[in-house]
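Student: Listed here are the chains, written in short residue letters.
Number of protein chains: 6
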Amino acid sequence: MPTVTITRLARFSAAHRLHNPAFSDEENRRIFGKCNSPNYHGHNYTIEVTIGGTPDAATGYVMDFGDLDRIVERSCIDDLDHKNIDLDVPWMTGTRSTAENLVVACWRRLAPALMEHQARLVHLRLWETENNCVEYDGN
Amino acid sequence: MPTVTITRLARFSAAHRLHNPAFSDEENRRIFGKCNSPNYHGHNYTIEVTIGGTPDAATGYVMDFGDLDRIVERSCIDDLDHKNIDLDVPWMTGTRSTAENLVVACWRRLAPALMEHQARLVHLRLWETENNCVEYDGN
Amino acid sequence: MPTVTITRLARFSAAHRLHNPAFSDEENRRIFGKCNSPNYHGHNYTIEVTIGGTPDAATGYVMDFGDLDRIVERSCIDDLDHKNIDLDVPWMTGTRSTAENLVVACWRRLAPALMEHQARLVHLRLWETENNCVEYDGN
Amino acid sequence: MPTVTITRLARFSAAHRLHNPAFSDEENRRIFGKCNSPNYHGHNYTIEVTIGGTPDAATGYVMDFGDLDRIVERSCIDDLDHKNIDLDVPWMTGTRSTAENLVVACWRRLAPALMEHQARLVHLRLWETENNCVEYDGN
Amino acid sequence: MPTVTITRLARFSAAHRLHNPAFSDEENRRIFGKCNSPNYHGHNYTIEVTIGGTPDAATGYVMDFGDLDRIVERSCIDDLDHKNIDLDVPWMTGTRSTAENLVVACWRRLAPALMEHQARLVHLRLWETENNCVEYDGN
Amino acid sequence: MPTVTITRLARFSAAHRLHNPAFSDEENRRIFGKCNSPNYHGHNYTIEVTIGGTPDAATGYVMDFGDLDRIVERSCIDDLDHKNIDLDVPWMTGTRSTAENLVVACWRRLAPALMEHQARLVHLRLWETENNCVEYDGN
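Chains as they are written, first to last, in my numbering: chain U, 2 to 140; chain S, 2 to 140; chain Y, 2 to 140; chain R, 2 to 140; chain L, 2 to 140; chain G, 2 to 140.
Don't read these hints as lab results, they were simulated from the structure.
Keep in mind that the hints are not guaranteed to be accurate.
Repeated chains share a single entry, so a pair holds when one copy, or any two copies, can fit it.
[What the hints assert, rightly or not] 20 Å max Cα-Cα, derived SDA-like pairs, lysine to any residue:
1) K35 - E131
2) K35 - L88
3) K35 - D87
4) K35 - T96
5) K35 - A11
Given the sequences, and given the hints that come with them, work out the whole structure.
Tutor: Structure, rendered in structure tokens:
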């Protein structure tokens, strides 16, 4: 019984800013550089959601890609797409909207939502630009 | 004497929102949809800047790609990258920050800046997402 | 009043086969090679639909990308996606399903559909593989 | 003695359909959706074949990329490219041609073929569209 | 009778250096910068070859992509791939191996070779890096 | 405390040749094929540098992508970009400039340089062409 992973890519466009109110303005500028720009900037993000399992004998599916897509939409994309990550997304409140923190927050929403559909999340990759990505596997 | 075009790609990450204060809130939502989201969203934009000319007999260059890059940076990217197009970019004030208006505004900055270096701008393409782009050739 | 073009990419996955019943089997194999394989093969196609116009003063749009997308879906993608171009698409009947013929057929469906929305189709590009594409501008 | 993996990408264009004769027509449509379309559809697939080993002291190769390419061609691509996976590929008979089943079937052909050349297959990734991929490592 | 263009991409990996023996070493370094590095550097080039014509009524082809590919291989790629453009390519001798000069030289080889097959070259695009490309249409 | 990896892509254009002076000319040609071409060829390489760690509670960073970029530049890219790997790069002397040997050599430079900044290198991937890549994780 082979274990196969399947990965679905989803995209969202969002604004954000890196800023820690516990730092002085000067510290924020020094630490976060242009990412601290006061009126926000933004990205076209791509998230790669990987689940693992055994292909079903009758369907050949680990999970239907359409079902996976809908869960990713409902758990993450609907809240993030065409939004301001710092102001509009309750589950990112009180944290810095770095790619690192965002990928962990997405995991914490996706893992239980997938579990409800008997799907096991095994890997997330989040691209912020074509040159920068982060990955998380739940540990 | 052959005429060759050379194209340089440059990238910037910016926030924006589509909103016309002359419209009611309801009209803004209906016309601009999720692009009217109040707290901004953002994109990784790519701009393709094309100039035309005859390769120089001694250098083989229409223009040094490094020089072209610096002019694009100074005329456009420095103002746009990690900025809010609606709030931070004086030359986009009073207009909707659609890709269409943005590509025309970039042309109006790039064409004279390139002219000062004896370079003739012939085409601009601006990607807002991997599925949407706009083009302008000065007419 | 600047004229700007806007381009929307859309994708579809379809099966097809190149075969002319007026040719002998041997001629079909010689002329179409592996594209004549009897039980069909298939591609992930990408179509780039370009329309031209003047950005509206109030909206900044040549046309809403969402509206353009819906017209492309209804005119072309719904008929082609997850279909057999030779067997399932009435408007491709009686012709070879080469990329050349397909891009012309898409033009003939898209141009009038866009015209109904006051949009002027100016260019189509159709990718069959990452190495092969065709273009048509209505002439 | 470092262990390095090398990965070669190969591409094929194929038709297929998801359908289980043990299901009713209605079940097939509900379970497989548009992938059950009766006359087949198709994709440009990309397979990423990864082998692991120690670079040879004299050549610096884990394996010549050209040799790896030829083995992938002979074991998989020649049978799949410009073919119907359900009708033309004996080693996919009697199974659903999902990406999951296809990647496992490719592994079972590639692993022994590579072994004959003293190469150890460690990972396969198969892209069905630009948004969907599956991976298998033999377990 | 519609006129359609078809485009084939081909790739080659080559070394080169920008240097004009009529310049002093200091001038060469100032004008060509790191591209003047004495022991050569290199690129993965991509060339996009576009021909125009009317799809044949019986085949639906402007030209078979395979035939086009073979002509591009024979006229350009065979001479350039895994070669040093400055030292190994007779038809680039005595000129600077800029992308501009290279695209014009490729045109001069491709246009007559295609003409022999009744094919009309209409456009060439040559990518030197993912950020730099040049285009030529024979004028 | 989650462990997240962050990956930065960097690019360089370099010339090289595969040749072992211990082999006869005929052996070199047979073993290395066109990669043995005497006057060098070249590639646009992409290196993906992955480090692992816990996002800092105050900044949300595993490491600032800008800092990572500078270390990669200083340790690897500055020595490789627009250079001949065989002739210009002291830390590649006496070895075959295969992708396999190059990725190991980059690891040996990057791992200690990152360690000085309390960053732990966990993975390197090096692309030589769009179809060939190698990976190394220090073992």
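Student: Run through the hints listed earlier and report the numbers of any the structure violates, in increasing order.
Tutor: none
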